[in-house]
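Protein sequence lines correspond, in order, to chains A and B. At position 7 of the first sequence the residue is numbered 7 (my numbering), and the sequence of numbers has no breaks. At position 63 of the second sequence the residue is numbered 1063 (my numbering), and the sequence of numbers has no breaks.
Everything labelled a hint here was simulated from the structure, so no lab data went into it. Each residue gets a CB set at the ideal place from its N, CA and C atoms; glycine is no exception. Any given hint might turn out to be false.
Across the chosen pairs, the derived CB separations fall in these ranges [to be verified]: (1) T1146(B) with P198(A): 35 to 43 angstroms; (2) V1013(B) with D58(A): 50 to 58 angstroms; (3) D1090(B) with K296(A): 54 to 62 angstroms; (4) A1063(B) with T332(A): 44 to 52 angstroms; (5) L1060(B) with E11(A): 32 to 40 angstroms; (6) E1138(B) with I21(A): 46 to 54 angstroms; (7) P1083(B) with E161(A): 47 to 55 angstroms; (8) E1138(B) with E187(A): 26 to 34 angstroms; (9) P1083(B) with A340(A): 39 to 47 angstroms; (10) Q1152(B) with D216(A): 41 to 49 angstroms; (11) D58(A) with E1138(B): 32 to 40 angstroms; (12) P1095(B) with E187(A): 46 to 54 angstroms.
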Amino acid sequence: MTQLQEVTVDELKHLVSDRAIQGETVLLNMGPQHPATHGVLRLLLELDGEIVVNCIPDIGYLHTGIEKNMEAKTYQKAEVMTDRLDYLNTVGNNLAYCMAVEKLVDLDVPPRAQAIRVILTELQRIASHLVWIGTHALDLAAMSMFMYAFREREIILDIFELVSGQRMMTTYFRPGGVWRDVPVEFEAAVRNFIKLFPKRIDEYEALLTKNPLLLDRLLGIGVLTKETALSHGVTGPILRASGVNWDLRKARPYMGYEQYEFNVPVRSEGDNYARYLVRVQEMRESLKIVEQALDKLPMGPVRSDNRKFVPPPRSEIGVSMEALIHHFKLWTEGFDAPNASIYSAVEGPRGELGVFLEGDGGPKPRRVHMRTPSFDNLGVLPEIAKGHLVADLIAIIGSIDFVLGDIDR
Amino acid sequence: MGVEQKLGDMGIVTTTLEQMVNWARTRAMWPMLFGLACCAIEMMSAQAANYDMSRFGMELMRASPRQSDLMIVAGRVSKKMGPVLRRLYDQMPEPKWVIAMGDCASCGGVFNNYAIYQGVDEVVPVDVYVAGCPPRPESLIHAVVTLYEKVQTEKFKDAAKA
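All chains, please: the whole structure from these sequences, using the hints.
Laid out in structure tokens, this is it:
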């Protein structure tokens, strides 16, 4: 195992200001083990008293080599890795990857599978925002909010477990559809959540939205201007809280999002409070989409019947020779994708999650690259943290809502 | 249990110092608040209302290694994180225990590649391994109870030797 190395101040010259070298300001190390950095982010802070002069993120403590690992697996098997990318948006990662594979090999998805995908990704968006609201409020000393948020999150995880057998890493979406049809209990479980959840959001808002302790930490703190946001490639709720109406579900509809009615919450202030309001409102909008998709849920197959890419149902294997051959070929060799490269993106809870996929004519990708929202969103942290107190930095980190697995990959 | 039952009415319990110290250690174990990856989210679930780890005397997560005696390695350990993890472990006061939560911390899990330690036992000694990707909160609670059983049987003379 390599040892930790001591770094002298001289080696940091290119990162910090001259005042730090002369000893006027203090250099402080925050993380990688710090409860408020939401993972293993390390920040090198240059402080003048309690004011942040400079904030330098050091990432890579969770570098997992996911992209490289995916090159060694066939297209179906590589999907398992995408779950572990942004672990608060597992279903959304699957969707982004499956859509990329479908685009690469030109595969259709039946309408029922599309609607199921929409329901589950929107539930995942709510679950992700629940973790955000719980931990963000916990950082700002509202302990009970954490308990309430996780209580509701468990209901969503139970729905995931119902359809896929796993709470978090579902891998339920597959190229060409979903693994199997949803069980009969699915509709009742989702309806129960739709009925219960609006009241719970009202409860959260009663606790937090006008809470003076919270307002002190959020209002006017960490203002991100529209120009800075656009120049750093920021996406997601943070961008929309800075006054840019950009949501891929509206701008580039996929999976039949164009047939659902929902609003994209936009605020123009760009501060922590605007980001808070946008996310809370997004939870309500997501619930609307879930309800519409469930009402309209069409009957029919949930997997494409293109046997060159999608394995046949198990019931066919015993009676059809061709089905057996297809099954065997797909699970031993995989399917060949053309020698081409594509990019496909979805709107995740944190912003634009894009997958760049390059095939080499064989069953394994030549290159997989993820354009992850957290990575780009972290880029603005040094910009908006400058001039604030260390305590406000905690609130800013919470309101950016990044996931380190998403940044480091 | 013979003598304890007879003396119970008198408000007196006889036991060995060893047993009593071990009992006290299991009933107030302070884990370090330290999440690495996906498993940390399930660890948070285990702390939250539905699974409520405070039933096992563990509601107090310490953010500082110097105040904690249990390290739950929740997630994959990268080559960059390994030395940091070791330093945190060294900063914890004795006696200390380690739970390797999840497949990645136990054996590398699905990530058999250049970036990830194939098991956190390459970096720190591990007492309990938890299988699952990620393990359910019940699994983590079971691991904690298993660790309690181990602590309950520890001998002073072994600690003195180490």
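Now for the hints, and whether the structure bears them out:
1. T1146(B) with P198(A): 35 to 43 angstroms: 41 angstroms, holds
2. V1013(B) with D58(A): 50 to 58 angstroms: 53 angstroms, holds
3. D1090(B) with K296(A): 54 to 62 angstroms: 58 angstroms, holds
4. A1063(B) with T332(A): 44 to 52 angstroms: 49 angstroms, holds
5. L1060(B) with E11(A): 32 to 40 angstroms: 38 angstroms, holds
6. E1138(B) with I21(A): 46 to 54 angstroms: 53 angstroms, holds
7. P1083(B) with E161(A): 47 to 55 angstroms: 37 angstroms, violated
8. E1138(B) with E187(A): 26 to 34 angstroms: 27 angstroms, holds
9. P1083(B) with A340(A): 39 to 47 angstroms: 42 angstroms, holds
10. Q1152(B) with D216(A): 41 to 49 angstroms: Holds, at about 47 angstroms.
11. D58(A) with E1138(B): 32 to 40 angstroms: 36 angstroms, holds
12. P1095(B) with E187(A): 46 to 54 angstroms: Between P1095(B) and E187(A), where Cβ atoms are some 52 angstroms apart, the hint holds.
Violation of the numbered hints given earlier is confined to hint 7; every other hint is satisfied by the structure.
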